[in-house]
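K.L.:
Sequence:
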Amino acid sequence: LEDIRLQGIPVLDALSELERRQHLIAYLPSVIRLNGSAILQKEREDAERAFIRFFLSEDERPKRFYELEAIHGKLDPLVDVDLSPKKTAQVFVHFCEEQSTLTVNLQQSVQELKATLSDKFGLRPAKMRLFYIDQDMKEFCGPDELRYNNRKLYSYQIRDGDEFLIDSK
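Read in order, the letters of the sequence shown are residues 653 to 821 in this note's numbering.
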């Protein structure tokens, strides 16, 4: 059996389309075409590894699990990594002799940050010059003036521990 078309298998309904394909590929080692698509060696290896990881936390494992484990060895579960961008940052704000810690929303614009700082320090946004100091680049370059009021803060790659310097015009 090398070429097979399979659909509507109730036991696989709980799985996503990708998991369904991976399980079928892993279970059927001699199949080279599944539902009209060729199975490349890389896809087979990925499917077999995904199959092993799927059953790692299960008490009852199919015989095929042990066969694949003999081929690929014992695998660790994949780490769940969150790569979504940060929404806020803890920063230091300096104005004259005053220093304050502030949590800023990185989705807001420079203009919105100036309005927030205006309320906190009593300096109108029109009379304010705002500088950003990147902690990692502090030694190599000076403060960067935030001149574009519509630019979003996340575009400056602001992180926890960075600083803002307020200067009056």
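Among the hints, a few may not be true.
As the list claims (entries may be wrong) - Below 25 Å or equal to it, Euclidean Cα-Cα: the simulated DSS-like pairs (lysine-lysine) are:
| id | residue 1 | residue 2 |
| --- | --- | --- |
| 1 | K738 | K715 |
| 2 | K772 | K738 |
| 3 | K739 | K772 |
| 4 | K715 | K726 |
| 5 | K739 | K790 |
| 6 | K766 | K779 |
It is worth saying that the hints were derived from the structure and are not from the lab.
K.L.:
Confirm or reject each hint.
P.N.:
Results of checking the hints against the structure:
no.: 1; hint: K738 to K715; result: violated, 44 Å
no.: 2; hint: K772 to K738; result: holds, 24 Å
no.: 3; hint: K739 to K772; result: holds, 21 Å
no.: 4; hint: K715 to K726; result: holds, 15 Å
no.: 5; hint: K739 to K790; result: holds, 23 Å
no.: 6; hint: K766 to K779; result: holds, 10 Å
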